[in-house]
Structures are given as C-alpha cells and as structure tokens.
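Chemist: What follows is each chain in one-letter form.
2 protein chains.
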Amino acid sequence: MSQNKPIGVFDSGIGGLTVLKALQSHFPYESFIYIGDTARLPYGTKSPETVARYAANLTKEILHHDVQAIIVACNTASTHGLTTVKALAKDIPVIGMIDPAAESAVSASRTGHIGVIATSGTIKSEAYKNALIKQNPDCKISSVACQILVALAEEGWANTDIAKSTLHTYLDPIFKQKNSPDTLILGCTHFPLFAPLIKEMLGTGVTLINSGEAASHHLAKLIKKNPSEKTSPKIKFFVTDDPQRFAENAAKFYNDQITPEDVMLIDIQS
Amino acid sequence: MSQNKPIGVFDSGIGGLTVLKALQSHFPYESFIYIGDTARLPYGTKSPETVARYAANLTKEILHHDVQAIIVACNTASTHGLTTVKALAKDIPVIGMIDPAAESAVSASRTGHIGVIATSGTIKSEAYKNALIKQNPDCKISSVACQILVALAEEGWANTDIAKSTLHTYLDPIFKQKNSPDTLILGCTHFPLFAPLIKEMLGTGVTLINSGEAASHHLAKLIKKNPSEKTSPKIKFFVTDDPQRFAENAAKFYNDQITPEDVMLIDIQS
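Residue numbers (the numbering used here), protein chains in the order written: chain A, -1 to 268; chain B, -1 to 268.
Some clues are possibly wrong.
For chains that are exact copies, the list does not tell them apart, and a pair is met inside one copy or across any two.
Unchecked claim - In silico DSBU-like pairs for lysine-lysine, Cα to Cα no more than 30 Å straight-line:
1) LYS84 - LYS3
2) LYS234 - LYS122
3) LYS138 - LYS174
4) LYS228 - LYS176
Treat the hints as calculated values from the structure; they're not laboratory data.
Turn these sequences into a full structure, and let the hints steer you where they fit.
Modeler: Printed below as a string of structure tokens:
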C-alpha cells in the first residue's frame, strides 16, 4: 500500500463531509479524493438495486484515482452497495459506515443496550440492528428514525432551540426510561453536527458513536505507515451537479472553507 | 369537454395530494387520476431539463386515461415543465401551480405587498416573483425559502410546537416589520398543512393563497358543466414506487384514507 496514494471517499452528496473531516483529523498527512453524487441525491428514497448501481458507478470513478482505500461515506450506499463496491475494488480495502460503528458501539457499551438514530430508510433497512446482533447476539437495540435532523443540518440549524426540541421529541422516549441505552450510534452522516447538543442532553453516561470516527479507527488498522509531516496532503472534490451549490452548503458540514474552484464537476453514467 | 372524463393530476410524490383535496372539494362529482412519481422524487434538486423530461413522461402516461384537464400539482414541474406538458396535451387544458396562485394573490392583495414561502429550489427559480410581476409590475415581493417545513409535513409534525417555532423563525423577519405583506402564497404543495398555525400567527389581516384552491378556481372557468350528484366519481392513484409507503404517508396530506389496494404501481421510462 503506497503512502502517496489518496484515500477515496464517496457519498450521495454532502453529509459524507463529516466523515472526511473525521478521516482527515485521524490521518492529517494523507491525501483524499471526495466524490459527492449531488445530481442523484438522496439515495435513501431509492430502491436497493438502484443504490447498488449508483455505488458501482462511483466506485469505478474513484478507482481512476488510484486510491489506497475506499470509504463509503453514506449509510444507504453502505447498506445496499458494499458487496458491489468490494467486488469492484478487488484488493483495495473498502470500509462502509455500518460495521465499524456497530463494532465501536458494542465495544463501548457496558450494558449491551445500544441506541441507534438514523434516517427512516436506514432504520427500516435494519442494517444497524443486523450488524449489532452479529457483533453481540445479546445486545438490546432501541432505534428511532430522525428524519427532520437531516433537514435541520442542511438548513444550518443544527445548533438551535428548534434542533434541541426536535432532539428531545426523538430521544426522550428512549432515554427517559429506566435502563436506557448507554451508547448511541449517530447512524447518519449528518448527525455528528448535533453531537454537542446531544452530549449536553444525555450527559457523560452515554457514549456517542460517530460513524466517521469509527471508520477512521478501522482504517488505522489497515494503513500501517502514515506519510510523514513532510508530505503535503491534497484534497480533491468532485460532484455530479452544481459545484457552486456544493461549495456553499459544504460549510455546514465541513469546518474548512471549500470554494467552487476546489470542486470539479464530473459526469457519471447511470 | 366530456363530463365523464377524469381530471388528471400529477406530482413528484405525495404533496400533490393537498391539491387533489382542494380540487375534489371544488368538484365533488368529477373523477380524478393521480400520478405520484415516487421513484424519482424529489424534483427540486434536479436540473430544469431533467424535470421537464420527467413531466413529459408523466403527461404521456396521464394522456392514456383520456383526461379532460391536467393539473401539474408540483411547483418544480410547473416551473420547468409546463411548456412541455402543454405542447403534449395539445387542446386539453393544463393548469400549473404558479400562475393561478400569482393571479389569486394579486387580486387578493390591497397593498400590493405579497409574501411567498416555498422550497429553496422554487424560491431560487424566481418563478413566483416573475409570475407576480407579470400580473402586477408594481407589486412588492418578500420571499423566504422554508425547506424545513417540507420535512415537518412529511414527518406528520405540521401541528406541533416545533412547527410553530419553525414558522416564527421563517416568517417573523417578514411579518414583524412595518408594511408587511397582506397576502401570503403557500408556494409548496406541502404547506397547506401549516395553514391553521400560520393563520393563528398572522391573524385575519393576511390572506393565505393555497395553490390547489387557486388552481381549482382557474379550472372552474374551463369546466362549464359539472357532472350532477347522480354520477359516482372515481379516484385512481398511480405511483412509480412502493404503493404501500405512498398509502401510509398519504394520511398526512389527504384526509381520506388511501389503502395500498387503492394504489397501482406503474413503470415510467425516463
């Protein structure tokens, strides 16, 4: 595995930037390629077959960049497309969102009671439930679909009183009970934006699992030698629609500024 | 124009049901065909060319049902697809969401100051702004993109304290000023669900314009003779993905119950 090859990250759109952020903070001297399929988002409302096909398109595109690993930074694509991506990637490691988060959650939980918040599509797919049970057949799982959090994150309202009330509405039924979960998976790439409010609400007794961080820990086992401080890492962004809009919205998900000049428009055949 | 032919209504998904509801209350003895393109929603994030192409697909489908009129019950499709739909429909009347609402707003407004709330896509397209100026070149327009209202409506949270706070956040900057609008266009088919809360907030001094009702008034000028009480109207629903999910979610937008058996899955080539 070459130290100089970039790490490839793809998502249906913009949420995967929270995953890229986590990866960059773990691997500050690695280069990255990020592809956001903004022309075809959201994936959550599409059929599993279509999502797998789109994931295959993105994988083929990312393989042109001679990447050392592929991170599927999208829960829906991880649920329905991971097998397809792995088959195309051959010996290049592929890491999705579901399994690393489930692994981190099971190892963090003392009580075995794990909460999962995600989009309606991810909850309905039972992807986290299945992955958690595979890790610990005895674990108890409390899931809740938190669809409105996606809209709040995209509107830049993740740190507002409305976000707080929304989080209470979704989380209180799970956490204001006896024997509530001691670990909570943020099962949507948009949700790390709410981590400060959720921590404030749930206190230190509940460990939050961020999929991007879990994927980074997993990747750390595969990347033996990090490039040294002397290397200057590069990040390239590619989107399938409207680089300007992507750059404008990126600020909500990615602390560093992205200008439209940093983002290249690409065409992906479906 | 035959009295027995159904009225065709199409939308990208489920929001158009508020339009169907308004049409049904104005034309209780007419039959309707409703097509929701649930496989390809949302239209708001797609390019104008793609939206026009999808609108053409739906129009061809709806023309198979020998309809007496076509209602484009989707603001995005009305903005980018109306010319295409009209060309395909030939002598069958086609009514979109934008012009009837603009016409109703201009005739309702005493001050000429009109507010518009819609999705980000509709606001950015300036479709309402252009239609209003065409009706009254001197009118003043205050627009605000209210993206979160879409998510709240779809979650069934249209009548909650969170909806109230969200409406205040969006509307106060416009309505808590001197010379605020006296008329407000609900420029998204999801927004009639918030009409009770908005009326409570803004009081009787502001007239709300519901696109479905405006389209119904427009249609009333074209349909001369309504079928009599003796006819038994039929409503048929068609969707491009998951009839069960459509039927489940319909309840939030459509007072009457729709069961999965009422909904037929159709395939539309793009």
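Chemist: None of the hints should be skipped; say for each whether it holds.
Modeler: Do the hints match the structure? See the list:
{"no.": "1", "hint": "LYS84 - LYS3", "in the structure": "within (18 Å within a copy, 53 Å between copies)"}
{"no.": "2", "hint": "LYS234 - LYS122", "in the structure": "between (34 Å within a copy, 28 Å between copies)"}
{"no.": "3", "hint": "LYS138 - LYS174", "in the structure": "within (16 Å within a copy, 49 Å between copies)"}
{"no.": "4", "hint": "LYS228 - LYS176", "in the structure": "neither (52 Å within a copy, 60 Å between copies)"}
When the structure is compared with the earlier hints, a violation turns up for hint 4 alone.
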